[in-house]
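2 protein chains.
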Amino acid sequence: MNNRNQLGKNAALLIMLLMTFQFAAFAQPTPAPRIVSPEIQKDNSVIFRLRAPEATSVKLGGTMNAGYAQLDMTKNADGIFEIKIDAPKPDMYVYTFIVDGVTTIDPSNNVVVRDGSHIESRLMIPGKLTDLFDSQDVPHGNVTAVWYPSPVFGVSRRMVIYTPPGYGQSSKSYPVLYLLHGGGGDEEAWTSRGRANYILDNLIAQGKAEPMIVVMPNGSIGHPAAPNERSYSADTQTTNVLDFNSMNSGKYEESLANDIIPFIEKNYRVIKDADHRALAGLSMGGLHVTNTFMANPDMFAYINVMSSGWFTNNKELYESGDKRLGEIAPTLEKTVKYMRFTQGGPEDIAYNNGKAMLEVFDKHNIEYEFSEMPGGHSWNVWRNDLKDFAPALFK
Amino acid sequence: MNNRNQLGKNAALLIMLLMTFQFAAFAQPTPAPRIVSPEIQKDNSVIFRLRAPEATSVKLGGTMNAGYAQLDMTKNADGIFEIKIDAPKPDMYVYTFIVDGVTTIDPSNNVVVRDGSHIESRLMIPGKLTDLFDSQDVPHGNVTAVWYPSPVFGVSRRMVIYTPPGYGQSSKSYPVLYLLHGGGGDEEAWTSRGRANYILDNLIAQGKAEPMIVVMPNGSIGHPAAPNERSYSADTQTTNVLDFNSMNSGKYEESLANDIIPFIEKNYRVIKDADHRALAGLSMGGLHVTNTFMANPDMFAYINVMSSGWFTNNKELYESGDKRLGEIAPTLEKTVKYMRFTQGGPEDIAYNNGKAMLEVFDKHNIEYEFSEMPGGHSWNVWRNDLKDFAPALFK
Chain A
2 MNNRNQLGKN
12 AALLIMLLMT
22 FQFAAFAQPT
32 PAPRIVSPEI
42 QKDNSVIFRL
52 RAPEATSVKL
62 GGTMNAGYAQ
72 LDMTKNADGI
82 FEIKIDAPKP
92 DMYVYTFIVD
102 GVTTIDPSNN
112 VVVRDGSHIE
122 SRLMIPGKLT
132 DLFDSQDVPH
142 GNVTAVWYPS
152 PVFGVSRRMV
162 IYTPPGYGQS
172 SKSYPVLYLL
182 HGGGGDEEAW
192 TSRGRANYIL
202 DNLIAQGKAE
212 PMIVVMPNGS
222 IGHPAAPNER
232 SYSADTQTTN
242 VLDFNSMNSG
252 KYEESLANDI
262 IPFIEKNYRV
272 IKDADHRALA
282 GLSMGGLHVT
292 NTFMANPDMF
302 AYINVMSSGW
312 FTNNKELYES
322 GDKRLGEIAP
332 TLEKTVKYMR
342 FTQGGPEDIA
352 YNNGKAMLEV
362 FDKHNIEYEF
372 SEMPGGHSWN
382 VWRNDLKDFA
392 PALFK
Chain B
2 MNNRNQLGKN
12 AALLIMLLMT
22 FQFAAFAQPT
32 PAPRIVSPEI
42 QKDNSVIFRL
52 RAPEATSVKL
62 GGTMNAGYAQ
72 LDMTKNADGI
82 FEIKIDAPKP
92 DMYVYTFIVD
102 GVTTIDPSNN
112 VVVRDGSHIE
122 SRLMIPGKLT
132 DLFDSQDVPH
142 GNVTAVWYPS
152 PVFGVSRRMV
162 IYTPPGYGQS
172 SKSYPVLYLL
182 HGGGGDEEAW
192 TSRGRANYIL
202 DNLIAQGKAE
212 PMIVVMPNGS
222 IGHPAAPNER
232 SYSADTQTTN
242 VLDFNSMNSG
252 KYEESLANDI
262 IPFIEKNYRV
272 IKDADHRALA
282 GLSMGGLHVT
292 NTFMANPDMF
302 AYINVMSSGW
312 FTNNKELYES
322 GDKRLGEIAP
332 TLEKTVKYMR
342 FTQGGPEDIA
352 YNNGKAMLEV
362 FDKHNIEYEF
372 SEMPGGHSWN
382 VWRNDLKDFA
392 PALFK
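Protein chains in written order, with the numbering used here: chain A, 2 to 396; chain B, 2 to 396.
Hints were generated in silico from the structure; no laboratory data involved.
Mixed in with the good hints, there may be bad ones.
Since copy identity is lost for identical chains, a pair holds within one copy or between any two.
Distance condition first, Cα-Cα at most 25 Å in a straight line; then the derived PhoX-like pairs of lysine-lysine [said to hold, decoys possible]:
(1) Lys76 / Lys60
(2) Lys267 / Lys173
(3) Lys364 / Lys316
(4) Lys396 / Lys273
Just chain A, same shape as in the assembly (with noise of 0.2 Å):
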């Protein structure tokens, strides 16, 4: 039935249906008129706006900010709160909105990423590296979120499975890259702030990087799952700060070598080999990586630790590991095609820990390339690393 001849004649119902149906739709009280926030300019400067006669004080702070700076955002006579900053470099930033010292997100802005406990409002500055981010009309692969058996750990735990565009039409066997998130984030880090699934399509629709499975497992031990998705009546409310459990006690990277890959390897069609296995993770993950190929040097021909590093006051981890990167450096060169160490500059606070480990891999004369791009310990550095990283993968 198609109801557009009849419609079409009649204007005055057509805004009483609209009229009807938002409140039907919320089902709560008429918001006030919209405005626009944020609003880019066509020099990609930045308008924020928020609606707040109320409110003494507003400031904007965000990651394009320098240091997450919050800036005072001026009242005008009809109540709304303006700041107009210059162009950020083009890039994904997040933001939030400071109401009388209370971290909101913008009402005005419906696009909301979460990194663990941390919820703010997206901004996309337009440009080249932000296009690569971008959900663009190219093919795109299907994002799943999966609740596998951790014999580890004793319970289900939940990971995203990026499987790229193709792999539900075809019989072949894909390579497969394990993404971890860093300390505080959980299985949707990757996806929601990091844009993984957006920059494989599109850097798999461009002919840069092979057709690949990329695996985001939740690196957090004290939480099978992001906060929507575990049980209420286990833990409901608490936040995701950091477990010290999920950086030091090593079950974690057990589960990843003897539960996760084995899961993948069970119920995909993935090449299983070391060649077609890569390992890349972030801060935290970094760590989960490091302790993995450690452990396992056979396992992966693809490394990338983002951001990470032995603690420097840390004497005894640097005595076992210079042994242990000792025992196992014939395998690692065997095995290990392409190894990378990323940092955010100096200014990432992992900057000298990475050094420093990484003087003991020169000891031992392990070959890898370091990267170093500014941004600090930042998702701004960890996407883009990752847009570089992934092209070398599996060639």
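Following the hints, position chain B against chain A.
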């Protein structure tokens, strides 16, 4: 490499690592000491808290308050606003804080749910019904975001697909429920706010529902995908305000029958007959359901129209509906095993529309079940209804 022993020896280092990585993971100013909100008491009363020493007024809004009423919170000596509310009925709710007039999520609660532009914090009040919406320790189906080609619209569009536990390990073919959202929503509404995947997991685990695939497309014509998933270059910040075209052009219904169902039947192991197809939707999605089965009366054996109906002042719609139902009544009688209309009681804004529409169904002796439950035009009704509807399918 297992660092457990080394680190057990060094508590000071442990603390340092923790602090360093907390900063590292977030690269943002250190937050104030954590407060708990919401805190559910043993009797299910709830205390909400917000640290806001600089704010003058903080209110609590939410679906647990009748009419989403805003209740004043009281500031204590530490600058924390608090309120304690009586135990809401066990169920899932969403709420917001209103800080000096600005609506925000609860920064102490990292469980955020989204329905279109409505981004709110989650509240689960323990009880039997809530347990059915919970992520329990039962086998979980996969939830996949899939882009499909839409020849009807000439673009790719995104949908969310639930495959039941065991789908990937079996060679069995499954029945399919097509489950549609309301005005302003998108393909993520039924999982984020509707908990459809967990409801199905739990019903299947209890033997109450047949294992089935659930397809949740995006019924907003103006947007091919949820906000974070569509191209920023084409459309970054447009809120999902109601698109009149989505409701009444008939194009979405055409796409459902000609794009979505054929895509599912080609790419998934499904049983391709009316007896194994169900169609359900709420509000605007209820109009999509009605329009779709009236255009394709031989396509679905199971139908559920939630909180919807023809607008009572649209005489032409009633006349054409009357004529069409007369034409298709014999086909519906042969095809449909179970037709259900659900309303959230007289307080549901679609109640009168739905009742008036059903008089036309009655005139043609079309059999259906009318289900009425308190709760108005709300997700509390729709989730609850899915729990009752799913067990009736494919038996």
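Please work out whether the CA atoms of Lys396 and Lys273 approach to 25 Å or closer within one copy, between two copies, in both situations, or in neither? Classified as within; 16 Å inside a copy, 41 Å across copies.
Please work out whether the CA atoms of Lys76 and Lys60 approach to 25 Å or closer within one copy, between two copies, in both situations, or in neither? So Lys76 and Lys60 pass the 25 Å test inside a copy (11 Å) and across (22 Å) alike.
How do Lys267 and Lys173 come out at 25 Å by Cα distance, when the copy is not named: within, between, both, or neither? both (15 Å within a copy, 18 Å between copies)
For the identical chains here, do Lys364 and Lys316 meet the 25 Å Cα criterion within one copy, between copies, both, or neither? Only inside one copy: Lys364 and Lys316 sit 16 Å apart there, 85 Å across copies, limit 25 Å.
Comparing the model with each numbered hint stated earlier shows that all of them hold.
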